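Enquirer: Here is how the chains run, residue by residue.
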Amino acid sequence: MRIRDTLRSTWSTYRHEVFAYFVSPIPYFFMFVFAAIVALIYFLLYDPFRVGVADAGPGLLELMPFTMLIVVPGLTMRLWSDEAASGTQEILLTLPVSTAALAVGKFLAALTLLAIALVCTLSAPITLASLGDLDWKATIAGYLGAFSLGAAMIALGLWVSALTRHQMVAFIGALFANGLLLVVGVLTREDLGLLGELGQAISLYSHYDSMGRGVLDLRDVLYFGSVVVFFLYVNVRTIENRRYS
Amino acid sequence: MKGPGLTIRSLSWLSAILLLVVLVLVNLVFARTVVRVDMTEQQIYTLSEGTRRILGRLEDPATVKVFWHGIPAELTSARRYLHALLEEMQGVAGDMLKVQWVDMEDDAGKAEAARYQVEEWSFGTSSAAGERRLTQGYMSFVVEMGEQKPAVFNAFFTYEEQLEFMIATALAQRSDKNRTAIALVGDRPAPSPFSQGPTWRFSKLERRLEEALGTDLRSYVTLDEPIPDGVGVLFLLAPRNLEARQVYHVEQFVLRGGHLLVYLDPAHVQNVYFSNFGAEPDLSGLEEWLGHLGVTVERGVVGDFDDAAITRAYPVPAAGGGAAREVRAYPYWFHSLEEQHEATSPITGGLPAVMWFWPAPLTIDEARQQAAGRTARVLVRTTSNGYRRPDRGGLNRALEEPGGKSLESVPLMVLLEGPMTSFWKDKPIPGTEPPAGTEGEDAASDAADAAADPGSEGTGGDPAAPPPAPAPGEDGPPPADDPAPAEEPAPPEEPAPPEGDGDEAPDATEEAPAKEPPTRPAGHRDEGLGRILVATDADFVSDVFGPQTGWDRRFGLGAWELTLRALGALGGDQDLLDVPLRTKKARLLERQEAADERMLRLVNIAGVPLLMLLIGLTVFIVRRS
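The listed protein sequences correspond, in order, to chains A and B.
All you need for our numbering is the position in the first sequence, starting with 1, plus 12.
All you need for our numbering is the position in the second sequence, starting with 1, plus 89.
Simulated from the structure, these hints should not be mistaken for laboratory data.
One should not assume that every hint holds.
[Said to hold, decoys possible] List of simulated lysine to aspartate or glutamate pairs, DMTMM-like, C-alpha gap at most 20 angstroms:
#1 B:K187 to B:E177
#2 B:K238 to B:D276
#3 B:K494 to B:D480
#4 B:K199 to B:E177
#5 A:K149 to B:D127
#6 A:K149 to B:E208
Note that the structure is a prediction, hence the values are computed from the model and not measured.
All chains should be modelled from the sequences, with the hints used to inform the complete structure.
Expert: See below:
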């Protein structure tokens, strides 16, 4: 019964958040920025017509994490900090809804928006497929990788947003935290001993890399799942602590 | 209230740490579990069946030692791929394969690298500020089995797609003690004290074959002598001006059951670009012998006016006067794609793309093949827009259009299999003294032979036998199962009778009873079952046109894969044939007009994003109103 109630309140929170998103112009602007950056990088800087190959990997899926690094903090920055700044958080916490349901609902709503934003970038592979023999299965695997990576980034951004009541601080904090987890794998080398191994193991990019190439590895899925679970839990704990303090 | 609050908060963070520990442990438990779904169409990141069989048949433990240190961050994906590949291999081989990542932090690791002659590479990297730096690092691995010579691979020059093939070949070569050798023979330039580095234009391919085949590759075999018995496959790479005696040794090798791979290269980068522009093609010396087998290598060059042609910049008149350069398709450098590769052959089936550079046209005399009971399978051909250019004048500069040309599908690679007869049947063997009184009778005899016996190869329209290059006491090839040493020459006064079906000797010889049989070296064969694979390009595996790190990165592996598959097939190693080199399929985009490209760019860059913005604005206005 309790699980059912939690699921129901999660669903309510999710619906509320999604509705709040789509009645505001902000998510559309978010999708505009995301789709425009991806398309600009791919069609102007990389230029598939010059390369002449129907492959969504180089230039599109390879660079997706860095585009998401800039855009995802914009998506998560207001999720908790806005509630805290406007004073609605106190009201939320008095409702007969668990904090976990609130956090998961907000997370899923942001994830839905990211999924729609990713769908907006599908015009690039569709263009390639119309002019050549695109490997759709590998492309879909790459998009699943981007989605998983985005989920991890959102979970982290959501927690950062819970730590402050200032949206800009939440944005910069999420940008920094996600950036650190992303580039730690690019900057470290495994031959640097334990430090290098650790850098590769915790890096978002290391785990995205093989998915971006079309290989779904259980270890990568497990890693992204762990990041999501951990930061959602920490998020819940942070809000709960605020409730008790 | 502060006390309980603090306790709850502490417990809260403690539980978070506990969760973190649990999650880390779960990840660590699964860190060694390889459960992957390779969603690429060609399964290029999945261990092939051939590799699995090779790993499964390991009888002695093998070790792969990886020397990886100080590599720039941009190359870490190669490391990850190697790591995953070795993990997967270990999973199949179990205890028979040990993987060791050598700790290069201490001197022991560097000493071990030096012991295997693993080189330290210099890498140019750019800092965030744009400064160029040079760093040193290791990026190699060694495959070792027992006391056998270890195979050392430089991963820096090995593309990810090749790694599995390289490791599998090294393991296969070391685990099978009965493998026949492959002899690589080419027209190498004489070593010069003034030249630095490799001077042969196929040195990269040779190095790669050495890496893959180890002691299976014999680069020292010469055609001046009969091909040694241990050689199963003879690879003639861009042969030039072979003497009749050398061709004879090649032929006898084939008639003894040896398999031959020939990459002819009548038009190549050196004689097209630099010195001999428009001149006669280089002759291999094999032309007449191949003609005898019903395969004619024409002078001229093959082009392909299909979309697969490679683009290059042409000088064109500029609009406002002067000269400009325009990128156009150059039909004499083109790809053969999967559709042009014989699907049923293990050599070409499923091979995605091979680049060809000025190949020569081939003509196959089907009637002659049928008469001889032989099959001639075209393994690679051009599209139906192929063109047999009869000459080479202006080949490098002319911007040609297909209009007015006779276009057809032109063979580029053919596999001959079946009964073959000697070109020198009833003729003096090159390098032996013809018996007195038989000079001048050979051509007439040949013609009579051909007329009398339709099953015989005859010489058809062949010119007279190649001029012998007499060298008294020249060695003859040994019979296939004759343990007699090859060095033993046949006594000229006691010619050995030809092997094979002596009963099929043409009756026409009865009309010339005075004729004595020509001298036959020991072990000479007049007939045999042969296997010959002929391609009319070698540039495609040359250092200049082979795999590069630049523009042809996508397809450059094709010719190497074709070569390695051909050697594997001719050597009869089915397991190796099943280890793909994982050349990525050539997924070419249809060429678009410049205006169409602009439109597509605009739609992608502005269309979808603006649509989102428009919806957002509409929502905003509706909400405001």
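Enquirer: Does each hint hold? Answer for all of them.
Expert: Hint-by-hint comparison with the structure:
no.	hint	in the structure
1	B:K187 to B:E177	holds, 12 angstroms
2	B:K238 to B:D276	violated, 27 angstroms
3	B:K494 to B:D480	holds, 13 angstroms
4	B:K199 to B:E177	violated, 27 angstroms
5	A:K149 to B:D127	holds, 9 angstroms
6	A:K149 to B:E208	violated, 39 angstroms
In summary, the structure is inconsistent with hints 2, 4, 6 from the numbered list given earlier, while agreeing with the others.
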